[in-house]
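*Asks:* The residues making up each chain are set out below.
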Amino acid sequence: MATKKKKTIRTIPQKRTPVREQDAKVRVKNFDEVNCGYSLEEALNESERCLLCPDPGCVAGCPVNINIPKFIEAISNKDLRGAYDTITASNLLAAVCGRVCPQETQCEGVCIVGESLEPVAIGRLERFVGDTAIREGWSNVPYIEPRGFKIGIVGSGPAGMACAADMAKAGCEVTVFEAFHQAGGVLKYGIPDFRLPNAVVDAEIENLRKLGVKFECNTLVGRLFTIERMRDEFGFDAVFIGTGAGYPSMLGIPGDSLSGVLSANELLTRCNLMRAKEFPNYDTPIPLGKKVAVIGAGNTAMDATRVCLRLGAEKVYCVYRRSRTECPARVEEVHHAEEEGVEFNWLTAPVEILDDGKGNVRAMRCIKMELGEPDDSGRRRPVPVEGSEYEFDCDQVVFAIGTNANPIIGQTSKLRLNKRGYIDTDENLATSMAGVFAGGDIVTGAATVIEAMGAGRKAARSIKKYLRINESTVEEAAESPVTSFFGIDLQERNYARIRAA
Amino acid sequence: MVNTDAGPGFKILAREDFSDVTYSLVVHHPLMAQAAQPGQFVIVMSHESGERVPLTIADFDRKRGTVSLVVQAVGKSTKEMQQICKPGTYLYGLVGPMGVPSPITGKKKVVCVGGGLGVAPIYPQARGFKENGAYVIGILGFRNRDLVFWEDRFRACCDELILCTDDGSVGMKGFVSDGIKVAIAGHKDIEEVVAIGPPIMMKACAETTRPYGIKTMVSLNPIMVDGTGMCGGCRVKIGNEIKFACVDGPDFDGHKVDFNDLMMRLKRYAAEEKAALDRWSENCRMMQQAPTIKTVEQPEEMPDPFEDALGG
Chain A
83 MATKKKKTIR
93 TIPQKRTPVR
103 EQDAKVRVKN
113 FDEVNCGYSL
123 EEALNESERC
133 LLCPDPGCVA
143 GCPVNINIPK
153 FIEAISNKDL
163 RGAYDTITAS
173 NLLAAVCGRV
183 CPQETQCEGV
193 CIVGESLEPV
203 AIGRLERFVG
213 DTAIREGWSN
223 VPYIEPRGFK
233 IGIVGSGPAG
243 MACAADMAKA
253 GCEVTVFEAF
263 HQAGGVLKYG
273 IPDFRLPNAV
283 VDAEIENLRK
293 LGVKFECNTL
303 VGRLFTIERM
313 RDEFGFDAVF
323 IGTGAGYPSM
333 LGIPGDSLSG
343 VLSANELLTR
353 CNLMRAKEFP
363 NYDTPIPLGK
373 KVAVIGAGNT
383 AMDATRVCLR
393 LGAEKVYCVY
403 RRSRTECPAR
413 VEEVHHAEEE
423 GVEFNWLTAP
433 VEILDDGKGN
443 VRAMRCIKME
453 LGEPDDSGRR
463 RPVPVEGSEY
473 EFDCDQVVFA
483 IGTNANPIIG
493 QTSKLRLNKR
503 GYIDTDENLA
513 TSMAGVFAGG
523 DIVTGAATVI
533 EAMGAGRKAA
543 RSIKKYLRIN
553 ESTVEEAAES
563 PVTSFFGIDL
573 QERNYARIRA
583 A
Chain B
-17 MVNTDAGPGF
-7 KILAREDFSD
3 VTYSLVVHHP
13 LMAQAAQPGQ
23 FVIVMSHESG
33 ERVPLTIADF
43 DRKRGTVSLV
53 VQAVGKSTKE
63 MQQICKPGTY
73 LYGLVGPMGV
83 PSPITGKKKV
93 VCVGGGLGVA
103 PIYPQARGFK
113 ENGAYVIGIL
123 GFRNRDLVFW
133 EDRFRACCDE
143 LILCTDDGSV
153 GMKGFVSDGI
163 KVAIAGHKDI
173 EEVVAIGPPI
183 MMKACAETTR
193 PYGIKTMVSL
203 NPIMVDGTGM
213 CGGCRVKIGN
223 EIKFACVDGP
233 DFDGHKVDFN
243 DLMMRLKRYA
253 AEEKAALDRW
263 SENCRMMQQA
273 PTIKTVEQPE
283 EMPDPFEDAL
293 GG
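Protein chains in written order, with our numbering: chain A, 83 to 583; chain B, -17 to 294.
Please note that a few of the clues may not be correct.
[Unchecked claim] Covered by chain B, per the in silico footprint, the following chain A stretches (three or more residues, Cβ under 8 Å): (1) 259 to 269; (2) 344 to 356; (3) 489 to 502.
In case anyone wonders, no lab produced these hints; they're calculated from the structure.
By construction, the Cβ of each residue, glycine as well, lies at the ideal position given by its N, Cα and C atoms.
This is chain B alone, in the form it adopts within the complex (with noise of 0.2 Å):
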């Protein structure tokens, strides 16, 4: 039972695999399209008994009509999609653009740091700053050199970049939180840092700039369900405050961040994770071969599912 009238969901017009675990998938969504802001994410689930996975929007196109994310495969749910979802299939259900959008105007310096699965959501940041007249300076940390990715869409919009490596492999060696210093020591004006990654690497870097008083805004990736602010459960500790991750959110002062609520919030499903996914890899085993979405025969022109509703 689909209770959507809008047809089959939402197509993939094209994925881009940047190594093992992580891909990005360019899905047509006109309307989300035109209306995502930098710093707002999505809620995907890929097929109906699937869960709700929320995902940053890595980049969107309003004259294609298409946002991009991008995945990092680490659960059942995240390694099922990376097998499932091709080019021509369509994502069960796509909702967003969720949370409030990041501040991107009036500022002359600012620092994108994006490590991880953060490069790809710092990505649409660092060019709206760009587009607003600021002075970029980009940090990207990655494992090695194979896992690099968007260097070149980064360098098109940064002023400078600093790619930092585990190991060296390429750019300098070392964790995104000495990119920030050298930034610093090169730079006497940075008005604000956003950092945008795993918390434990958010944490360094509020922690890095602490000293210096500079504003450091970071994007946080709490457990949700529906993404609304109907459930609670992506509530983080901001100060003295409870907020709600999707519409208080997801960018917060890191200063002031409690990020070990955070990490500690984030193992509440550890072991119903792991159970998925043990159950799922074995499953893969003795099938060989994934469940696969049925691709929905359709024109190659898919009507915009929200024409009709909109009236064009």
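The shape of chain A in the complex, shown without the other chains (with noise of 0.2 Å):
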């Protein structure tokens, strides 16, 4: 590697590189990605942004600590293959991360170029890099040393797979269990194709079959077999709960079963995992009105208002009781949605749903807020505006308003729940009962993909304490390929530590 002159704020490019986008009038009629990615002048321009902290805020911004500053010099020498590795090594979904992750409130958001000018755009030099080792068909499959140790993981979402990957590489006998037909969680089911095509997150899934990795679909945890008999019958050492939150809230206002009303989770599913935009090729409808209102402004409400314009629909409505400032989903998202048409209701909550008088969508009513004193999550709480109520004119009303506890696990088994019906754990998210872990949604209430892969690695750690794994042995044994050890076979002398164990 040449030494490169020390790079200042002054030196590198002063403007972020734009990304390609396919124009918001073209994009709506179509499901494919909105984000064309960077080409490699593109990345290549890019990564001479990046100042290479001595100490950078970036990594300690990341929730999985991927080393940043590394992968960019990487990119920068035109060496994508050490980018690849770089960032596998924290983060085995680089292209599912670098478009879904909220950056600007991470890694971007800490990023020291971005207190003078734009932040160097990590998540797209991320996407680049993963979309890159997918297109060669890289993938870095280690020398895995086996142990003996089998890990039961239910559900194969973001929390699942992160989990599924680390237990792989530290050499356990990995079985993700899926309820759908198909592997990938809200990968697959709720995050449309234009944020995040299903190829990408099959070829993701294929990476960890690499590893080693088996996936049941079809199978529903709790009701097919319990985890107790999972640990206890089926010999699972540890198992990992990462079953997400799916529950969704519902409105509870006059007319919320109505035909015509219904959950995001129900549309994005349809549409996603269903296919229901390809009906009737695809056997699940989506009927869909021509006004539809979207309630919520979260980044899953987003997706429903794209997803609803791309289906067809001739008016997209986003409502939402607090402001444009406490709006939860990503600026990008919101941005996007703008452009493409969808037309934002803030300050505005729906009283009750109207019907035609066949059971159908006519309108709702709606009554204005105004922002009052802040409220627990510290954003200002919405307050009737009395006397504001009006009638809105829609034909379909779609719910994005959050997600309450899946119940089946609590149902089933054993485990503590929490008040609200979420899983409790401790710290090192150790559930109530030995041997078993559990995070992401399932732990905490909805929250975003990377903070559940997050927490299917923090979990994973744990697993590894808890069956006395030696993380720098599975390391050292990962990076060299040896068999045998001062002439003492490896199998062997792991054997003898799990006995000792």
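With the hints as a guide, bring the two chains together.
*Replies:* As structure tokens, then:
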């Protein structure tokens, strides 16, 4: 590697390299990705903007602590494979995270460059590396020393995938159970193709398979067999539960059971996983109104509005009781939705959904809100403006106002739950049952993909500790493909240690 | 692209046709056969581009490792399944058992009512009650004598069996709700009525027992997608509460169910369902045959797809 002149804020390209996007008028008629990703030239240009700080804030800002300066430096040296290796040392799902992480509040939010210029586009660079790896068919399958432990993972979403990757790398035999007919969890059923193509998720799952992870779909853990049975009968040495929060909160207003009122989860699952957008070539239907109102303004709500546009709705509204400042969706998502023609109705809340006399939606009654004192979340509390009720013209209502804990694991196991029905864990994500760990939305309530992945990795560390798998030996073994050590078979050495443990 | 490592799917071992529209499939799934309890259901996908169809478990055989599903060919998916699901073929997806099992213990005298498609799923409940020592009165409703099935199975587990047909061609002429009146007239000590069938039938059953204050459980069949509580499509009104049939049910107190709401929500996709069926029927006519599932060549003894995962 040639030594370069030290970069300063004055010498780097001042402007963040823009990324090509499909034109809003075109993309609103297809499900192809909005963001086209960087070309090699664009990635090289952007990589020059990284100052390679000796004490980088971005690494600490990343929930899985990717060595960001190292991978960006590799890009600028045109060593894309090296960049990929650096990312995959912390995060197996570069192509996914590069797309869906809220970088503006994580790595990019603390980027030093961002203090005077726009921050380095770390997410776009990560995606560039992930996509390159998929295109080139790279995967990092280290030498893995089998350890004879069996790990069962419940749920194949981001938490489960991250935990599976770490446990497989630690030499464990990992099986992931998924209730749907395809693996991927929310990445598959929830996030639409124009943000995260299912093909990218499948490629990442294929990488897990290469690590030896097995996927068992069509398996509803809890009902087909219990967590207790996995541990006591099926011989899993540890179990990780990452089943997600999925149990949509209801509006709880008159008219919310009318036909034409559905959860964003239902809309997205029908469209993304069941491919209702290709009805009748796929059998699952998704009848859509002409004027759709989406209630809520989180990322799921943004996905729902944009899916409705692509399915052919004439008008799509986003209705949110607080203002734009408090809206929980990523800025980029709101911006994209706006570009595509979604009309935002801030400080508006529905109070009733009105019937057309045949069980369908005719309109909503909405009330205007104003912001009062901050609430527990630190955001200003919306307060109804008296006498401001009005009729809101729409013929379909999609609600995306959050989720509650899924009850199945609670119904079928003796695991201790908290007051809200989520699984109770200690700070190491251990549950009340020995050998059973949990993480992601089923512990914290709805959060982000990368937070779930962070939890999956944290649980993996705890499981290793629980099984007394020594991390340093794992890495040592992973990096040196030797099978004997001072003439002693490595497997034997291991065996002895496990026995001793 | 198939994401399951378990092989081609779930093998259909046997099939029986009860009538032009009703058929049963016996599917190999040892773990599900072990886990299944009366009142639970499964979701089936017959092929990769299919929809997820919820079906109540009609029977399970723990020794043979099979579950039986009874299907009524009413829409595109179920008619297509009628054509392509043959012994030796595979279901692409089969997940369950789903839902909270029906409580069947601790009852002395119960009435089990099945109408139409509900006849099959009431069977495991009747058998379960019997095995738990209850006196079981079975009431089955069919349109006419030609549609009657499983009479022998019910005779084997019911202390009394009342057959009702619309035309009186066998048993008593009338609806199952008339059968319930007969049963109530003959027995003053009925503790519970369990009714499974079309919503309108379950509503009639609940109205029949209401004046007597007899606890009446019904099994609801709203539209669902995932069956795991995630989509909320199957929400039903029970008294003042909203419940999800897939994870809170499917059994609910029939006296509290808002059947009108259920029936309205069941019609949500009527237009799309009809369009899909018309299009499919037209294709069948044009091609003179239905698209067939590829029968994967497999040795006769299928390895249990879960064996590996569970370490035997």
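*Asks:* None of the hints should be skipped; say for each whether it holds.
*Replies:* These are the hints, each one checked on the structure:
Proximity of the region 259 to 269 of chain A to chain B, defined as three or more residues with a beta carbon under 8 Å from a beta carbon of that chain, is established by the 8 residues found. Only residues whose C-beta sits within less than 8 Å of a C-beta in chain B count toward coverage, and the region 344 to 356 of chain A has 7 of them, enough to reach three; the restraint holds. Requiring three or more residues with a Cβ within less than 8 Å of a Cβ of chain B, the coverage given for the region 489 to 502 of chain A holds, as 3 such residues are present.
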